[in-house]
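Input sequences plus hints: build the corresponding full structure.
Residue numbering for the sequence shown follows UniProt numbering, starting at 1 and increasing by one per position.
Careful: at least some of the hints might be erroneous.
Cβ pair distances, simulated, as ranges [claimed, not checked]:
#1 L37 - D93: 29 to 39 Å
#2 V62 - L19: 46 to 56 Å
#3 I96 - Q43: 49 to 59 Å
#4 A44 - R79: 28 to 38 Å
#5 R41 - D3: 52 to 62 Å
#6 I40 - F15: 33 to 43 Å
#7 W70 - L37: 52 to 62 Å
#8 L90 - V39: 54 to 64 Å
#9 R41 - A63: 21 to 31 Å
#10 L37 - V86: 23 to 33 Å
#11 R17 - T65: 48 to 58 Å
#12 A98 - L42: 34 to 44 Å
#13 L90 - I40: 43 to 53 Å
Computed cross-link-like contacts, EDC-like style, restricted to lysine to aspartate or glutamate with a CA-CA straight-line distance of at most 20 Å [what the hints assert, rightly or not]:
#14 K60 - E95
#15 K60 - D77
#16 K60 - E76
#17 K60 - D78
#18 K60 - D93
The set of hints was computed from the structure by calculation and includes no laboratory data. C-beta atoms are modelled at their ideal positions from N, C-alpha and C, and glycine is treated no differently.
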Amino acid sequence: MDDTPQVVDTRTLKFLRVLVTVLTATMIVGVLVIITLLVIRLQASPPPLPERITLPEGTKAVAFTQSETWYAVVTEDDRILIYNPVTGALVQDIEITAGE
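Given below as structure tokens:
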């Protein structure tokens, strides 16, 4: 058995060193970008909740969600009620049907 080490090309070692350094820098920059985006996103204030929501007679709310241009109430009888946040008027009534 021959235990003598093989000769390694210095250009290959330099290339590997540069490659590892670039990949490390890329990972660090990527993590910093993700942290920055999370901080920016989590600091944004949510849209204000409506003072009052008038539901149709006999309906009971089970869920609520909103955006800047609408808010929705999911009712116990499987309907989604879409409201205008400025006027509070019911814009759309969507009936949910179970898929097969």
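Cross-check of the supplied hints:
1. L37 - D93: 29 to 39 Å: Because 37 Å falls inside the window, the suggested range holds.
2. V62 - L19: 46 to 56 Å: holds (55 Å)
3. I96 - Q43: 49 to 59 Å: Since the Cβ atoms of I96 and Q43 sit about 34 Å apart, the hinted range of 49 to 59 Å is violated.
4. A44 - R79: 28 to 38 Å: holds (30 Å)
5. R41 - D3: 52 to 62 Å: Given a distance of about 57 Å, which is inside 52 to 62 Å, the answer is holds.
6. I40 - F15: 33 to 43 Å: At roughly 37 Å between Cβ atoms, F15 and I40 fall inside 33 to 43 Å, so the hint holds.
7. W70 - L37: 52 to 62 Å: Since the Cβ atoms of W70 and L37 sit about 26 Å apart, the hinted range of 52 to 62 Å is violated.
8. L90 - V39: 54 to 64 Å: About 37 Å separates the Cβ atoms of L90 and V39, which means 54 to 64 Å is violated.
9. R41 - A63: 21 to 31 Å: holds (23 Å)
10. L37 - V86: 23 to 33 Å: holds (30 Å)
11. R17 - T65: 48 to 58 Å: Since the Cβ atoms of R17 and T65 sit about 52 Å apart, the hinted range of 48 to 58 Å holds.
12. A98 - L42: 34 to 44 Å: Since the Cβ atoms of A98 and L42 sit about 36 Å apart, the hinted range of 34 to 44 Å holds.
13. L90 - I40: 43 to 53 Å: Violated, at about 35 Å.
14. K60 - E95: holds (14 Å)
15. K60 - D77: holds (8 Å)
16. K60 - E76: holds (6 Å)
17. K60 - D78: Cα-Cα ~10 Å, so holds.
18. K60 - D93: holds (14 Å)
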